[in-house]
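Model the placement of chain A on the given structure of chain X, informed by the hints.
Residue numbers (this note's numbering), protein chains in the order written: chain X, 1 to 343; chain A, 1 to 343.
Simulated from the structure, these hints should not be mistaken for lab results. Note that the structure is a prediction, hence the values are computed from the model and not measured. Note that CB positions come from ideal geometry on N, CA and C, so glycine has one too.
Some, not all, of what chain A presents toward chain X, calculated at C-beta under 8 Å:
#1 Ala98
#2 His146
#3 Val181
#4 Leu270
#5 Pro273
So you can see what is in the structure, the chains are spelled out below.
There are 2 protein chains.
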Amino acid sequence: MSAEGLAPAPAVVDTPSQPLALALDLGGTRFRWAIVDAGGRLLRRAEGASEEGITRARLMARLEEVARQILADHGAALAGLGAAVPGPMDPSRGYIYAAPNLPCLDAFDFKRYWEDRLSLPVWAANDADLAALGEQRFGAGKGAQHLVYLTVSTGVGGGFILDGRLYQGAGGPVAEVGHMVIDAQGPPCRCGRLGCLEALASGTAIARMAAEALAQRPGWSPAGREGGISGPVTAEQVATAARSGDDLAVDIFARAARALATAILNLIHLLAPEMIILGGGVTRAPDLLLPTIREQVIAGVLPGFRVPPIVTAALGDNAGLVGAACLVFDHYRGRAGTDSSLR
Amino acid sequence: MSAEGLAPAPAVVDTPSQPLALALDLGGTRFRWAIVDAGGRLLRRAEGASEEGITRARLMARLEEVARQILADHGAALAGLGAAVPGPMDPSRGYIYAAPNLPCLDAFDFKRYWEDRLSLPVWAANDADLAALGEQRFGAGKGAQHLVYLTVSTGVGGGFILDGRLYQGAGGPVAEVGHMVIDAQGPPCRCGRLGCLEALASGTAIARMAAEALAQRPGWSPAGREGGISGPVTAEQVATAARSGDDLAVDIFARAARALATAILNLIHLLAPEMIILGGGVTRAPDLLLPTIREQVIAGVLPGFRVPPIVTAALGDNAGLVGAACLVFDHYRGRAGTDSSLR
Numbered sequence: 001m002s003a004e005g006l007a008p009a010p011a012v013v014d015t016p017s018q019p020l021a022l023a024l025d026l027g028g029t030r031f032r033w034a035i036v037d038a039g040g041r042l043l044r045r046a047e048g049a050s051e052e053g054i055t056r057a058r059l060m061a062r063l064e065e066v067a068r069q070i071l072a073d074h075g076a077a078l079a080g081l082g083a084a085v086p087g088p089m090d091p092s093r094g095y096i097y098a099a100p101n102l103p104c105l106d107a108f109d110f111k112r113y114w115e116d117r118l119s120l121p122v123w124a125a126n127d128a129d130l131a132a133l134g135e136q137r138f139g140a141g142k143g144a145q146h147l148v149y150l151t152v153s154t155g156v157g158g159g160f161i162l163d164g165r166l167y168q169g170a171g172g173p174v175a176e177v178g179h180m181v182i183d184a185q186g187p188p189c190r191c192g193r194l195g196c197l198e199a200l201a202s203g204t205a206i207a208r209m210a211a212e213a214l215a216q217r218p219g220w221s222p223a224g225r226e227g228g229i230s231g232p233v234t235a236e237q238v239a240t241a242a243r244s245g246d247d248l249a250v251d252i253f254a255r256a257a258r259a260l261a262t263a264i265l266n267l268i269h270l271l272a273p274e275m276i277i278l279g280g281g282v283t284r285a286p287d288l289l290l291p292t293i294r295e296q297v298i299a300g301v302l303p304g305f306r307v308p309p310i311v312t313a314a315l316g317d318n319a320g321l322v323g324a325a326c327l328v329f330d331h332y333r334g335r336a337g338t339d340s341s342l343r
Numbered sequence: 001m002s003a004e005g006l007a008p009a010p011a012v013v014d015t016p017s018q019p020l021a022l023a024l025d026l027g028g029t030r031f032r033w034a035i036v037d038a039g040g041r042l043l044r045r046a047e048g049a050s051e052e053g054i055t056r057a058r059l060m061a062r063l064e065e066v067a068r069q070i071l072a073d074h075g076a077a078l079a080g081l082g083a084a085v086p087g088p089m090d091p092s093r094g095y096i097y098a099a100p101n102l103p104c105l106d107a108f109d110f111k112r113y114w115e116d117r118l119s120l121p122v123w124a125a126n127d128a129d130l131a132a133l134g135e136q137r138f139g140a141g142k143g144a145q146h147l148v149y150l151t152v153s154t155g156v157g158g159g160f161i162l163d164g165r166l167y168q169g170a171g172g173p174v175a176e177v178g179h180m181v182i183d184a185q186g187p188p189c190r191c192g193r194l195g196c197l198e199a200l201a202s203g204t205a206i207a208r209m210a211a212e213a214l215a216q217r218p219g220w221s222p223a224g225r226e227g228g229i230s231g232p233v234t235a236e237q238v239a240t241a242a243r244s245g246d247d248l249a250v251d252i253f254a255r256a257a258r259a260l261a262t263a264i265l266n267l268i269h270l271l272a273p274e275m276i277i278l279g280g281g282v283t284r285a286p287d288l289l290l291p292t293i294r295e296q297v298i299a300g301v302l303p304g305f306r307v308p309p310i311v312t313a314a315l316g317d318n319a320g321l322v323g324a325a326c327l328v329f330d331h332y333r334g335r336a337g338t339d340s341s342l343r
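Extracted from the complex, chain X is given alone in its bound form (with noise of 0.2 Å):
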């Protein structure tokens, strides 16, 4: 009735059949913003940062801030908000248990406050369950129907897609592949026990298999490190140096892929798979790791097992946000009576 000339021609058509998902993926360090449509293309984009011990109400006030740059043009097209979180949560209420990377989200219920925030319908789920969903959908694993996802950095994370679902067991976290125990005498884990994945083949246990090397070989000096060897060593560095044919970088890389394919096997003769997808920081490097993972996993596999294909993730940082935007089109999709990703 009023004006009609002058409303503003929306980017992209929203009908029903076509909804725009607000997608989040709130990292321990960066998080980011993108409005993604049913395709699984990122059409706006915002991000920013936190630092160390920033408040939750900083933070939240933050985020706000970066959503209503993407927002201002579209907030009335949005079919709700998805939102990969880190750490340990209850996706069935959007609740945040535990977030050790960031931790002002402890205990924190970020559906409700999301909702109450934008008016908008919120889903929230672990950020590595989430990046399997993406690569399911539309990354690596398209059409898989058993998918297994790890994302090595820092620390290592996973997702499961299983009959067709992003699996999420019956509550609460799933999929902690990092903390699959896999070398009982094995080196210490953060979470205090002994021979996790994640003490074994994690970024942060390339660079200290790296200082143990450099206290046994007090000469070392991995090949394009600056300053000589003052100071941590870093996995890039042991890539860098492992790449330019340094035994000690080559063999903590090996080692590293060993685990990885034990934790792989486990998971083959556990899942049975049609495709493994290794994604993160440390698989950025996936010419120092599969060769070895693939041969360690062949020469492993039991009778009668296949061996899936190991691959890296095809959608690299987005996954989780691809992946969070899946569970607001999967909600919409629930509504016209087929099955979401999330039960």
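Chain A alone, transformed into the frame defined by chain X:
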């Protein structure tokens, strides 16, 4: 029309809503047939044995002979045959890949064979998977939607109920919990790798630890052991010795219990089940295992995860038969429009 008065009254009324199943549990040395009703009750039973090196033809003939004993008065009323078979198989085809304890079944089209012989529809699945299903429907896990079943006998096997259904993965075997590596620097397993759960907690592992203890302390004689220390020690003898307070025997069971706890923690952190059910011969010594298992699981569980009840199986030796019958009933219900346990 003819001699109605002389027809034998059926023992159980078999209407389409109350089907009966013929069930088979085919073990490495014994096999058992039963007729099972939709309430999980065994109405008729018959059993037989096989010897090492038996040929497939001879075993099949013996199976059929015993089956005919209970089929005589029930043949017309049965909805199908459900079979629990040892070793990895493809339940969608009823095909056995390999049966380590019954090699004459290797590469056997079990379903086709029995459909031809009995003129009944046949479903088959792995015995540990079906024990999990039996326990969920009629045993210790009644009503659980997410359940992990472990069977600890000569070897270690398992089965998962996830999202209310027997988990079958992408085809072929699943839930091989016995070959989850939890101690990569541990003792060798018969599968060729090191530190599988089976090498640490099975009856075979307990006997091996006892033999090692004997070698270290030659005069050791587990209480209740007949004939002194000659001949191999059995897990049962170690259990008897542990109950009488023998320190070496107590330590052996404690080591097995700690390995089981590590494996159970891994499964809790991966799958977040509502319940853990322990079956098999070794768990007939729950007093020697469960207290240590529960204590270790509570001590090691990650924040955010619930410790589910850890209980012993309720159906005993009948779990596989009851689970096998469920395959038949589920197919029956599946036709009526509801879900089947096998997808």
